[in-house]
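*Asks:* These are the residues of each chain, in order.
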Amino acid sequence: MNQSFFLDRASGWHALHPLTKLAVAFAILVTAFSVRWMFISVALFVLVIVPLALWGKIWREVLHTTFTIILPLALSLALVQGFFYPGARDVMWQAGPFALKREGLEFAFVTGTRLLVIAGAGLLVVYATHPADLALALVKAGAPFSLAYIAVAAIQLLPEMQGRAQSILNAQQARGLETEGSVVVRVRAFLPLIAPLVYGALENVQERALALDARAFRAPRAKTSWRELRDTPRQRVVRWLLVGVAVLLIFISLLSLFVFH
Amino acid sequence: MTFTERIQKDFTTMTLVLIPVAIVINIVIGQIVQNVLKLPIYLDSIGTVLVGALAGPLAGAITGALSNIIWSIIFSAPTAAPYAITAFIIGICAGVFAARGVFKNILWTIVAGLVTGVIAAIVSAPITAFVFGGVTGSGTDLIIAAAQATGANLLQAATIQGFISDPLDKTISYLVVWLILRGMSKRLLGQFPRSQNVIAEKR
Amino acid sequence: MPNLFVEQLSFKYLHATTPALQGVTCTLQEGAVTAIVGANGAGKSTLCYALAGFIPHFFQGAMQGRVRVNGKDTKETPLADLVTQVGMVFQNPFNQISGAKLTVTEEIAFGLENLGIARDEMQARVNDALDLFGLRAAASQSPLVLSGGQQQRLALASIFVMQAPVMILDEPTSQLDPDGTRQVMETIETLAAQGRTIVLVEHKLEWIARLAARVLVLDQGALVADGAPREILERANEWGLNETRYARAARLARERAVRKNDARLPQTLEQAVEWFQH
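Chains as they are written, first to last, in the working numbering: chain A, 40 to 300; chain B, 457 to 659; chain C, 92 to 369.
Check before you lean on any hint, since a few could be wrong.
Below are the BS3-like pairs computed for lysine-lysine, each with C-alpha atoms no more than 27 Å apart in a straight line [unchecked claim]: (1) C:LYS166 to A:LYS96; (2) A:LYS262 to C:LYS103; (3) B:LYS465 to A:LYS179; (4) B:LYS465 to C:LYS163; (5) C:LYS166 to B:LYS465; (6) C:LYS295 to B:LYS465; (7) B:LYS642 to C:LYS163; (8) A:LYS262 to B:LYS642.
Worth flagging that the hints you see were computed from the coordinates, not collected in a lab.
Work the whole structure out from these sequences, hints included.
*Replies:* Here's what the structure looks like:
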């Protein structure tokens, strides 16, 4: 399944222009990193991300994915930084030589919740925007057409290449290739698995390029588009506001970094 | 040749087709090494280095950066995305070194791989420290713990972690690309804009 | 009114030791199917690339002679203009899927978007193509889940809508199963019946006999024969090609004195039926 991350639902959030959604995500990320309040990320997650996910009818998937990824990270963070944060003094719990310190736990908390926000904001955009619409919006906004093409083509090519890798694995194993066991055995299996994959892929590059040229891909004229994106003046204003606020926040936090240290 | 002219010359249709193929190669080889062979190494930059060699530094850089971003989207792993910066730099390195002809000689390939690995470690350290608080959920987190226990600050700890894994990973990647290039026919190599990086011109 | 002139065309690929084409001269017939046959390596694809402008714009090498499409010299006209005059379909169905589009409909429109065609015009052309190439049922599917035959029909459709007067088909069925082959060949038959100028490179001589009005034979880069299918295909063995099964049956019948018909060997079923009656 090549677009397993786009969830096609009828919602207000879905219907927004891709750039609007990107602007919202950008503003959320900038706020999380520039406001120096320990609980800003939690606040953003609970007060902004979750309501938007609810509005977009994707809250189940967003919450599930976010927590599946972030929880193990957060645990690891808490342990590593809780015990080993340099310069920390305030001990909260001790077992033998290992002491959990408050400063470390605070750092772990801030970083962990920031990761939560990164994941949440990213998923808000990705789950609710059709990849072709996202590519089109970026191109209309001035991104190079080739870049959008590369991204969409790579995403679509992936399942086919994964299938080819599986066939090669099966074929090589049928000829006696061992892929389990000692490190030496596994290292020896590397080339027999990837060489056919890479050479097979490279052989097709020429014909693919010819086919693209045959469809006037590099024609220097202005391209038209089959898909249409819906945009409203209100969204345009909101986008500019969000980006403006975000840039302001970046500016202020950079200033405070240099002035107050 | 001006900078923009050189970019246009590098970005032929062959290049535009090669890049998505290389991005996918990065991801699939990374998956094979991680899930099938379960080796303690990434090897997810082979495509990046290959594009750097065949189509120049900017093409390689784009391959690397997009590979990370696409990986993070497809596998819902936002932890990979910030390292797009490192992958971008790796692509530049590969393109620049290839233009100096390192891939015509196995020893120079190894040297270039080592240097790229060191550069990658230096670039990744602040990312690991700043965004992730030093933790990526892999076994190398223990290294961070150990380093900090000896009093190193977070940035230093993240740098040490990078230095242990990156140079080896990138050197192997460069060697694999060297092998791949050797196995390609002259005719196929000649299709790419920077084939002179690989084919020794015979007078 | 399409006219395609090839004048003393020679070409050697960069890094190659022998030329791929040597002094080829021919004029393409308008509104008919012209077949190009020859053993592997004879230069058929190279000639196609030269007709479409990929030589010299895509492939590097030494080109001599001239190809003129509608009065324009291919060496002096940019590729983006040439593709509106000559469309080309290649062997591998999967490689011709752009990868940029998520549905069959949008894939067909891909070339039109690149040409800057207005949306209404795009929609009209694509709708016609969906029916003509039997892809209406698959219209909203991803191109990547289609069968080989369907993907090749998709490739034909996406070139067809660009409305180039000449269409070149380079072994369009070589990677297809018999069913896929039949689908594609029948589509080509329909296009030919509509009066399109088609250049068809094929190994399956039965289909050549059925579809082509004229056959060009290439041997080691040189044009060695040019004429009507029935005359040319009789000499298939001379150039290392597999003769049609009808010719083979008739020839064996003649050799074993089962039939004593001196007329030309049959190349199609209808011709065979007629031939065996004498």
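*Asks:* For every hint, state whether the structure bears it out.
*Replies:* Each hint tested on the structure:
The straight-line distance between the Cα atoms of C:LYS166 and A:LYS96 is roughly 57 Å, outside the 27 Å bound, and the hint therefore fails. Restraint check for A:LYS262 and C:LYS103: not satisfied, since their Cα atoms lie roughly 35 Å apart, outside the 27 Å limit. Proposed proximity of B:LYS465 and A:LYS179 is supported: the alpha carbons are some 24 Å apart, at most 27 Å. Using a Cα cut-off of 27 Å, the hinted pair B:LYS465 and C:LYS163 holds, with the two alpha carbons roughly 25 Å apart.
Restraint check for C:LYS166 and B:LYS465: satisfied, since their Cα atoms lie roughly 19 Å apart, inside the 27 Å limit. A C-alpha spacing of about 40 Å is found between C:LYS295 and B:LYS465, which places the hinted pair above 27 Å, so the restraint is violated. Taking the CA atoms of B:LYS642 and C:LYS163, the gap is about 32 Å. The hint is violated against a cut of 27 Å. This hinted pair does not check out: A:LYS262 and B:LYS642 have alpha carbons roughly 35 Å apart, beyond 27 Å.
The structure shown violates the earlier hints numbered 1, 2, 6, 7, 8.
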